[in-house]
Amino acid sequence: MTTRVVDTVDAAIADIGSGATLAVGGFGLCGIPDRLIAALADAGPDNLEVFSNNCGVDDHGLGILLSLGRIRRVTASYVGENKEFARQYLAGELEVELTPQGTLAERLRAGGTGVPAFYTPAGVGTPVADGGMPWRYSADGSVAVMSPPKETRTFGHRRYVLEEAITADFALVHARIGDTAGNLVFDKTAMNFNPLAAMAGRITIAQVEELVEPGAIAPSDVHLPGVFVQRLVHTGPQDKRIEKMTTSTPGGAGR
110 MTTRVVDTVD AAIADIGSGA TLAVGGFGLC GIPDRLIAAL ADAGPDNLEV
160 FSNNCGVDDH GLGILLSLGR IRRVTASYVG ENKEFARQYL AGELEVELTP
210 QGTLAERLRA GGTGVPAFYT PAGVGTPVAD GGMPWRYSAD GSVAVMSPPK
260 ETRTFGHRRY VLEEAITADF ALVHARIGDT AGNLVFDKTA MNFNPLAAMA
310 GRITIAQVEE LVEPGAIAPS DVHLPGVFVQ RLVHTGPQDK RIEKMTTSTP
360 GGAGR
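If you count the sequence shown from 1, you need to add 109 to reach the working numbering.
Please keep in mind that the hints were generated in silico from the structure rather than gathered at the bench.
Owing to the predicted nature of the structure, the values given are computational and were not obtained by experimental measurement.
Certain hints may be false.
Have a look at the derived ranges for each label pair, beta carbon to beta carbon [what the hints assert, rightly or not]:
{"#": "1", "residue 1": "Thr355", "residue 2": "Ala231", "range": "24 to 34 Å"}
{"#": "2", "residue 1": "Val188", "residue 2": "Asp124", "range": "25 to 35 Å"}
{"#": "3", "residue 1": "Ala200", "residue 2": "Asp168", "range": "18 to 28 Å"}
{"#": "4", "residue 1": "Asp167", "residue 2": "Phe227", "range": "33 to 43 Å"}
{"#": "5", "residue 1": "Gly250", "residue 2": "Pro328", "range": "54 to 64 Å"}
{"#": "6", "residue 1": "Asp124", "residue 2": "Ile351", "range": "28 to 38 Å"}
{"#": "7", "residue 1": "Gly324", "residue 2": "Pro236", "range": "48 to 58 Å"}
Mimicking DSS-like on lysine-lysine, the simulated pairs with C-alpha atoms at most 25 Å apart in a straight line are [as the list claims (entries may be wrong)]:
{"#": "8", "residue 1": "Lys353", "residue 2": "Lys192"}
{"#": "9", "residue 1": "Lys192", "residue 2": "Lys349"}
{"#": "10", "residue 1": "Lys353", "residue 2": "Lys297"}
{"#": "11", "residue 1": "Lys297", "residue 2": "Lys259"}
We put the beta carbon where it would ideally sit given N, CA and C, even for glycine.
The task is simple: from the sequences and hints, build the whole structure.
See the structure below:
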(Lines of atoms letter the chains of each structure in order from A and count residues from 1; the text may use other names and numbers.)
(Lines give C-alpha, C1' and ligand atoms only; values in the text may rest on other atoms or scores of the structure.)
Protein backbone atom coordinates (compact mmCIF):
# COMPACT_ATOMS: atom_id res chain seq x y z
CA MET A 1 0.00 0.00 0.00
CA THR A 2 1.47 3.35 -1.00
CA THR A 3 1.24 6.51 1.07
CA ARG A 4 -1.79 8.65 0.37
CA VAL A 5 -2.11 12.29 1.35
CA VAL A 6 -5.64 13.09 2.54
CA ASP A 7 -7.15 16.53 2.87
CA THR A 8 -8.72 16.34 6.33
CA VAL A 9 -8.32 14.49 9.61
CA ASP A 10 -11.93 13.32 9.29
CA ALA A 11 -11.14 11.62 5.99
CA ALA A 12 -7.94 10.14 7.41
CA ILE A 13 -9.75 8.24 10.18
CA ALA A 14 -13.05 7.61 8.39
CA ASP A 15 -12.65 3.82 8.19
CA ILE A 16 -11.71 3.29 11.84
CA GLY A 17 -14.74 1.43 13.14
CA SER A 18 -15.98 0.20 16.48
CA GLY A 19 -13.88 -2.60 17.92
CA ALA A 20 -10.68 -1.49 16.18
CA THR A 21 -7.26 -1.84 17.77
CA LEU A 22 -5.09 1.29 17.83
CA ALA A 23 -1.37 1.85 18.44
CA VAL A 24 -1.02 5.49 19.45
CA GLY A 25 2.20 7.51 19.65
CA GLY A 26 3.13 10.04 22.28
CA PHE A 27 4.52 10.26 25.80
CA GLY A 28 2.36 12.16 28.25
CA LEU A 29 1.13 14.99 26.03
CA CYS A 30 4.38 15.21 24.06
CA GLY A 31 4.05 14.23 20.40
CA ILE A 32 0.51 12.91 20.63
CA PRO A 33 -1.64 12.77 17.46
CA ASP A 34 -4.14 15.17 19.01
CA ARG A 35 -5.98 16.16 15.82
CA LEU A 36 -6.52 12.54 14.80
CA ILE A 37 -7.76 11.64 18.28
CA ALA A 38 -10.18 14.59 18.30
CA ALA A 39 -11.53 13.56 14.88
CA LEU A 40 -11.97 10.00 16.14
CA ALA A 41 -13.93 11.32 19.12
CA ASP A 42 -16.25 13.20 16.75
CA ALA A 43 -16.63 10.19 14.45
CA GLY A 44 -18.04 7.97 17.20
CA PRO A 45 -16.43 4.49 17.06
CA ASP A 46 -16.41 2.71 20.41
CA ASN A 47 -15.22 -0.54 21.99
CA LEU A 48 -11.67 0.43 21.05
CA GLU A 49 -8.53 -1.34 22.24
CA VAL A 50 -5.55 0.98 22.63
CA PHE A 51 -1.82 0.34 22.85
CA SER A 52 -0.06 3.46 24.10
CA ASN A 53 2.49 4.50 26.71
CA ASN A 54 -0.28 6.30 28.62
CA CYS A 55 -3.83 7.52 28.14
CA GLY A 56 -3.50 11.30 28.03
CA VAL A 57 -5.13 13.49 30.65
CA ASP A 58 -8.79 13.93 31.51
CA ASP A 59 -9.52 16.53 28.82
CA HIS A 60 -6.85 16.00 26.19
CA GLY A 61 -5.39 13.28 23.99
CA LEU A 62 -6.69 9.76 24.55
CA GLY A 63 -8.37 11.04 27.71
CA ILE A 64 -11.08 12.48 25.45
CA LEU A 65 -11.97 9.05 24.08
CA LEU A 66 -11.77 7.62 27.57
CA SER A 67 -14.15 10.19 29.04
CA LEU A 68 -16.63 9.40 26.26
CA GLY A 69 -16.55 5.71 27.19
CA ARG A 70 -15.14 4.71 23.80
CA ILE A 71 -12.16 2.64 25.04
CA ARG A 72 -12.67 -0.96 26.13
CA ARG A 73 -9.08 -2.00 26.86
CA VAL A 74 -5.71 -0.30 27.30
CA THR A 75 -2.19 -1.73 27.21
CA ALA A 76 0.14 0.87 28.71
CA SER A 77 3.15 1.40 30.95
CA TYR A 78 2.00 4.53 32.82
CA VAL A 79 -1.54 5.54 33.71
CA GLY A 80 -1.10 8.47 36.09
CA GLU A 81 -2.42 12.02 35.58
CA ASN A 82 -5.86 10.75 34.58
CA LYS A 83 -8.50 10.48 37.33
CA GLU A 84 -11.15 9.19 34.95
CA PHE A 85 -8.85 6.36 33.91
CA ALA A 86 -8.47 5.29 37.54
CA ARG A 87 -12.22 5.57 38.14
CA GLN A 88 -13.15 3.44 35.14
CA TYR A 89 -10.51 0.82 35.94
CA LEU A 90 -11.53 0.44 39.59
CA ALA A 91 -15.23 0.43 38.66
CA GLY A 92 -14.78 -2.44 36.23
CA GLU A 93 -15.54 -0.35 33.16
CA LEU A 94 -12.06 -0.60 31.62
CA GLU A 95 -9.62 -3.47 31.13
CA VAL A 96 -5.97 -2.53 31.69
CA GLU A 97 -2.79 -4.44 30.93
CA LEU A 98 0.24 -2.80 32.53
CA THR A 99 3.62 -3.64 31.03
CA PRO A 100 7.15 -2.35 31.62
CA GLN A 101 7.90 0.65 29.41
CA GLY A 102 10.84 -0.90 27.60
CA THR A 103 8.86 -4.08 27.05
CA LEU A 104 5.99 -2.10 25.54
CA ALA A 105 8.40 -0.33 23.20
CA GLU A 106 9.94 -3.61 22.08
CA ARG A 107 6.56 -5.31 21.66
CA LEU A 108 5.54 -2.54 19.25
CA ARG A 109 8.86 -2.68 17.39
CA ALA A 110 8.68 -6.46 17.16
CA GLY A 111 5.19 -6.25 15.71
CA GLY A 112 6.45 -3.91 13.01
CA THR A 113 9.38 -6.11 12.05
CA GLY A 114 7.52 -9.42 11.97
CA VAL A 115 9.06 -10.89 15.14
CA PRO A 116 6.22 -12.75 16.90
CA ALA A 117 7.73 -12.76 20.41
CA PHE A 118 10.96 -12.23 22.33
CA TYR A 119 12.53 -13.00 25.71
CA THR A 120 13.37 -10.24 28.19
CA PRO A 121 14.53 -10.19 31.84
CA ALA A 122 12.18 -7.29 32.64
CA GLY A 123 9.40 -8.44 34.95
CA VAL A 124 10.83 -11.85 35.84
CA GLY A 125 9.91 -12.76 39.42
CA THR A 126 6.99 -10.31 39.47
CA PRO A 127 3.30 -10.55 38.53
CA VAL A 128 4.33 -9.37 35.04
CA ALA A 129 5.71 -12.86 34.46
CA ASP A 130 3.98 -14.90 37.17
CA GLY A 131 0.46 -13.62 36.46
CA GLY A 132 -2.15 -12.44 38.89
CA MET A 133 -2.28 -8.73 38.00
CA PRO A 134 -5.88 -7.47 37.90
CA TRP A 135 -6.74 -6.66 34.29
CA ARG A 136 -10.40 -5.97 35.02
CA TYR A 137 -12.40 -5.52 38.19
CA SER A 138 -16.05 -6.34 38.78
CA ALA A 139 -18.47 -3.65 39.88
CA ASP A 140 -18.29 -5.00 43.44
CA GLY A 141 -14.50 -4.51 43.54
CA SER A 142 -13.52 -8.15 43.09
CA VAL A 143 -11.09 -9.13 40.34
CA ALA A 144 -12.93 -10.30 37.24
CA VAL A 145 -9.94 -10.94 34.95
CA MET A 146 -6.37 -11.60 36.05
CA SER A 147 -3.25 -11.68 33.90
CA PRO A 148 -2.14 -15.22 33.04
CA PRO A 149 1.36 -16.53 33.78
CA LYS A 150 3.82 -16.23 30.93
CA GLU A 151 6.39 -18.66 29.65
CA THR A 152 9.86 -18.25 31.17
CA ARG A 153 13.15 -19.77 30.13
CA THR A 154 16.73 -19.75 31.37
CA PHE A 155 19.56 -18.55 29.17
CA GLY A 156 23.07 -18.49 30.62
CA HIS A 157 21.87 -18.96 34.20
CA ARG A 158 19.40 -16.06 33.96
CA ARG A 159 15.62 -16.29 33.65
CA TYR A 160 13.73 -14.49 30.93
CA VAL A 161 10.03 -14.04 30.22
CA LEU A 162 8.45 -14.45 26.80
CA GLU A 163 6.60 -11.33 25.61
CA GLU A 164 4.42 -11.32 22.51
CA ALA A 165 4.62 -8.67 19.79
CA ILE A 166 1.90 -6.07 19.29
CA THR A 167 0.20 -5.32 16.00
CA ALA A 168 -2.83 -3.06 15.61
CA ASP A 169 -5.45 -2.42 12.96
CA PHE A 170 -4.44 1.25 12.87
CA ALA A 171 -1.63 3.42 14.21
CA LEU A 172 -2.03 7.14 14.92
CA VAL A 173 1.15 9.22 15.11
CA HIS A 174 2.36 12.81 15.06
CA ALA A 175 5.44 14.05 13.17
CA ARG A 176 7.12 17.41 12.72
CA ILE A 177 7.78 16.93 8.99
CA GLY A 178 6.51 14.42 6.47
CA ASP A 179 6.95 14.14 2.74
CA THR A 180 4.28 12.91 0.36
CA ALA A 181 6.04 9.54 0.16
CA GLY A 182 5.42 9.02 3.89
CA ASN A 183 8.93 9.59 5.23
CA LEU A 184 8.72 11.22 8.67
CA VAL A 185 10.90 13.41 10.88
CA PHE A 186 10.02 13.82 14.56
CA ASP A 187 10.88 16.79 16.75
CA LYS A 188 13.36 15.94 19.51
CA THR A 189 11.67 14.10 22.41
CA ALA A 190 8.36 14.13 20.52
CA MET A 191 9.80 11.12 18.69
CA ASN A 192 9.21 8.94 21.83
CA PHE A 193 6.76 6.12 20.97
CA ASN A 194 5.72 7.50 17.58
CA PRO A 195 8.04 5.45 15.30
CA LEU A 196 7.31 2.27 17.27
CA ALA A 197 3.54 2.76 17.17
CA ALA A 198 3.76 3.53 13.45
CA MET A 199 5.62 0.29 12.81
CA ALA A 200 2.98 -1.74 14.66
CA GLY A 201 -0.01 -0.48 12.68
CA ARG A 202 -1.35 -2.34 9.66
CA ILE A 203 -2.61 1.05 8.47
CA THR A 204 -0.58 3.94 9.87
CA ILE A 205 -1.99 7.47 9.79
CA ALA A 206 0.37 10.38 10.44
CA GLN A 207 -0.58 13.96 11.19
CA VAL A 208 2.30 16.22 10.17
CA GLU A 209 3.01 19.84 11.01
CA GLU A 210 4.83 20.44 7.73
CA LEU A 211 4.24 18.59 4.46
CA VAL A 212 7.00 18.60 1.84
CA GLU A 213 7.76 16.94 -1.47
CA PRO A 214 9.92 13.81 -1.80
CA GLY A 215 13.61 14.72 -1.72
CA ALA A 216 13.15 17.68 0.62
CA ILE A 217 14.17 15.47 3.55
CA ALA A 218 17.72 14.19 3.34
CA PRO A 219 17.80 10.39 3.56
CA SER A 220 20.06 10.59 6.61
CA ASP A 221 17.48 12.77 8.38
CA VAL A 222 14.55 10.37 7.97
CA HIS A 223 13.47 8.94 11.33
CA LEU A 224 10.78 6.63 9.95
CA PRO A 225 10.72 5.49 6.31
CA GLY A 226 7.54 5.81 4.31
CA VAL A 227 7.14 2.04 3.97
CA PHE A 228 5.51 2.13 7.42
CA VAL A 229 3.07 4.96 6.63
CA GLN A 230 -0.12 4.61 4.60
CA ARG A 231 -1.82 7.99 5.13
CA LEU A 232 -0.67 11.55 5.76
CA VAL A 233 -2.68 14.60 6.73
CA HIS A 234 -1.23 18.10 7.01
CA THR A 235 -2.46 19.62 10.29
CA GLY A 236 -0.04 22.52 10.81
CA PRO A 237 1.62 23.40 14.13
CA GLN A 238 0.54 21.35 17.11
CA ASP A 239 -1.19 22.96 20.08
CA LYS A 240 1.30 22.76 22.93
CA ARG A 241 -0.28 21.60 26.17
CA ILE A 242 1.55 21.47 29.49
CA GLU A 243 0.72 18.27 31.34
CA LYS A 244 1.58 19.58 34.80
CA MET A 245 2.73 23.11 35.60
CA THR A 246 4.95 23.76 38.61
CA THR A 247 5.73 27.31 39.66
CA SER A 248 7.82 28.86 42.41
CA THR A 249 7.64 32.05 44.36
CA PRO A 250 9.94 34.95 43.33
CA GLY A 251 13.42 34.39 44.70
CA GLY A 252 13.00 30.64 44.90
CA ALA A 253 11.79 28.28 47.60
CA GLY A 254 13.14 28.71 51.10
CA ARG A 255 14.18 32.32 50.77
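To see whether the hints hold, each was checked on the structure:
1. Thr355 x Ala231: 24 to 34 Å: 30 Å, holds
2. Val188 x Asp124: 25 to 35 Å: Check passed, 29 Å falls within 25 to 35 Å.
3. Ala200 x Asp168: 18 to 28 Å: The hinted range 18 to 28 Å holds for Ala200 and Asp168, with Cβ atoms some 19 Å apart.
4. Asp167 x Phe227: 33 to 43 Å: 35 Å, holds
5. Gly250 x Pro328: 54 to 64 Å: 55 Å, holds
6. Asp124 x Ile351: 28 to 38 Å: 33 Å, holds
7. Gly324 x Pro236: 48 to 58 Å: Roughly 50 Å apart at Cβ, these two residues keep to the hinted range, so it holds.
8. Lys353 x Lys192: The hint holds at about 14 Å.
9. Lys192 x Lys349: 21 Å, holds
10. Lys353 x Lys297: 20 Å, holds
11. Lys297 x Lys259: 35 Å, violated
Violated hints amount to a single one, hint 11; each of the other numbered hints is respected by the structure.
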